[in-house]
Amino acid sequence: MKRKVILKYVVIAGALILIGQQTTLATPTAKMLAYTCAGCHGTNGASNGPAIPSLAGLSKPYLVESMESYKDGSRVSTIMDRIAKGYSKKEFELMGDFFAKQKVHKISKQKFNKASAKAGKKLHNKYCKKCHESGGTNPEDDAGQLLGNARLYLEYTFEDLTDKSRSMDKKMTKKMKKMLKKDPKASVKLIDYYSKGEK
Amino acid sequence: MSNNKHDRRNFLKIVGAGGIATTVALYTPFAIGGASKKVIIIGGGMGGATAAKYIKMMDSSVDVTLIETNRDYFTCFTSNEVLSGHRKMSQIKFGYAGLEKHGIKVVIDTVSAIDAKGKTVKTKTGKSFAYDRCVVSPGVDFKYDSVEGYNSEVAYSKIPHAWKAGPQTVMLRQQLVSMKDGGTVIIAPPVNPFRCPPGPYERASQIAYYLKKNKPKSKVLILDAKQRFSKFGLFTNGWKKHYGYGTENSIIEWVASDQGGLVERVDVKNMTLHGEFDKHKGDVINIIPAQTAGGIALATGLTDSSGWCPVQGNTFESTIHKNIHVIGDAAIASPMPKSGYAANSEAKVCAAAIVALLSGDKIPEPSYVNTCYSVIAPGDGVSVAMVYKYQNGKIVKVKGSGGLTPIEFNPKLREREVEYGYTWFNNITNDAFG
Ligand SMILES: Cc1cc2nc3c(=O)[nH]c(=O)nc-3n(C[C@H](O)[C@H](O)[C@H](O)COP(=O)(O)OP(=O)(O)OC[C@H]3O[C@@H](n4cnc5c(N)ncnc54)[C@H](O)[C@@H]3O)c2cc1C
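Chains as they are written, first to last, in my numbering: chain A, 122 to 320; chain B, 255 to 688.
There's no promise every hint is true.
Claimed, not checked - With a cut-off of at most 20 Å between alpha-carbon atoms, the simulated DMTMM-like pairs for lysine to aspartate or glutamate come out as follows:
1) Lys210/A with Glu402/B
2) Lys666/B with Glu276/A
3) Lys224/A with Asp262/A
I should point out that these hints are in silico values taken from the structure, not numbers from a laboratory.
Full structure from sequences and hints, please.
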């Protein structure tokens, strides 16, 4: 009904593009999209935990890939699958632009075991560092934030990687297997190191 | 029909002014640099606090004043966990020092009148504030007459609604603690629409958990003014799992409106609720009355016949009074629910629009989200979520997005939802007050 009315005017005026702008959807700005995430992920994506990860300073390709895999259900989630289905790839890219520009946020004062964190640092340098530089806080490496991210999120991530509800690429699968064979408690040590939040 | 008219009006404006008008029509009419940018925000709850902070974040040159009655804000969300003893009042208490650090002027006072024509706000203590744009986020008020015999005095002395967190939350908790084992707690939820649709059922769950642990012979009786409720399947399944729902020994019993759930009258002295067929005596009674927009919205004539405030979905500007924006529970933002997350999201859309309007920029394309967590029992969290956009002059759900936690019980993921709910609480309160 409404469309018909509008079309009639369009024909009269011949201002097709103009009216089109008013009736079809424009894409919200990166800021507008990113602000809606803050309710759960913290202002400008800086989460204070304990369970929801930060988005601030995240690599854009990693964020886009994560959202795409939530959307198609290939990455396990509770709620992100339902949220991701509300956006287009272009919108994920805009969110990625916004969060990549924010400073990496590290949660201070999380619980960790000192000795275990020390061991975790060694493990990180041996098995993870190549792809997760600076303790996993370098957005250039197109991977998620590790150091200083929410502790429970880190625990969930290791749980998912171990029970295979979240997949890894070949290289990571191999390294993880090797690491866990040598040290079955490696995950906890890494989590302690990352929770400590300092290199 | 009114929409058609609206399109037509815009259209004629555009055509009438010719080519140059294409931009003018999409932008606000007064693109004046250095113009006055005074914003008054009424209500420092989830909506108002978020709006204040985000206006400042987007344009620090805007002069923002927040007027709020109370020095301390107690969040309604997670206040049900105060009832079960899982949280303390001090953990749901927030102040305004954080907002002041952002350069927002905070005035502790009550707005008694808004002069929409004169663009001024008056307070109880006799102060007066001029504005270019006013944001009204007063939350809800109660229609006490929805249950005969109920009133504000009763609510503060004997039968709390505890639907604004504060002294009534404390009273309800104390009543639960001093109740004898074998007692009956009655919750009487209202008709739609009301603040936090899953709230009464989360409350029933939290109280049931407390009773199961501490007073296992007691019961929660829900006398509902509705036939169904939010997250119905998830709650009733959860109650079966944790509280024996549907069996003779169930801790929770729910009575639908047409089964005698509708409460018509309260006999305060005898702690008895009267319905169409039956009367029910309670040891602790929690009446949640039907609701309207907060009093200042009603007094200003910002409400329509429904008792809520109609607004433009992309700016939250009132369709009744120009230059006044209404957000949060008081606004008609359906299909968005009356929730804290929705208030937070609406506040940002409104803030972005106000910043644009004050500078004569294009009104940004909105995007909105809602998420509500409920904890049915420890380790059993559920959620409802939705993404919204603005289309053809209306807020609409993005097709295919959102929905509920899956009904089948996945212990790993349900446990995570509890924790995500707690992180949500930390982050959203910091987003508004930090
Ligand atoms: C039990 C319960 C559980 C809930 N759980 C959740 C949940 O899990 N998730 C969720 O998203 N939402 C939840 N909510 C809903 C949430 O609390 C509200 O939707 C939210 O607070 C709405 O924000 P608001 O800004 O509209 O109102 P409010 O947060 O109520 O803020 C209104 C403020 O305005 C002030 N005010 C009013 N009038 C004046 C005046 N004239 N002058 C000055 N100040 C004034 C008031 O003092 C108040 O501080 C829950 C609600 C309840 C009751």
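Against the structure, the hints:
1. Under the criterion of a C-alpha separation no larger than 20 Å, the hint pairing Lys210/A with Glu402/B is inconsistent with the structure, at around 54 Å.
2. With a CA separation close to 12 Å, the supplied pair Lys666/B and Glu276/A stays within the 20 Å bound.
3. Proposed proximity of Lys224/A and Asp262/A is supported: the alpha carbons are some 16 Å apart, at most 20 Å.
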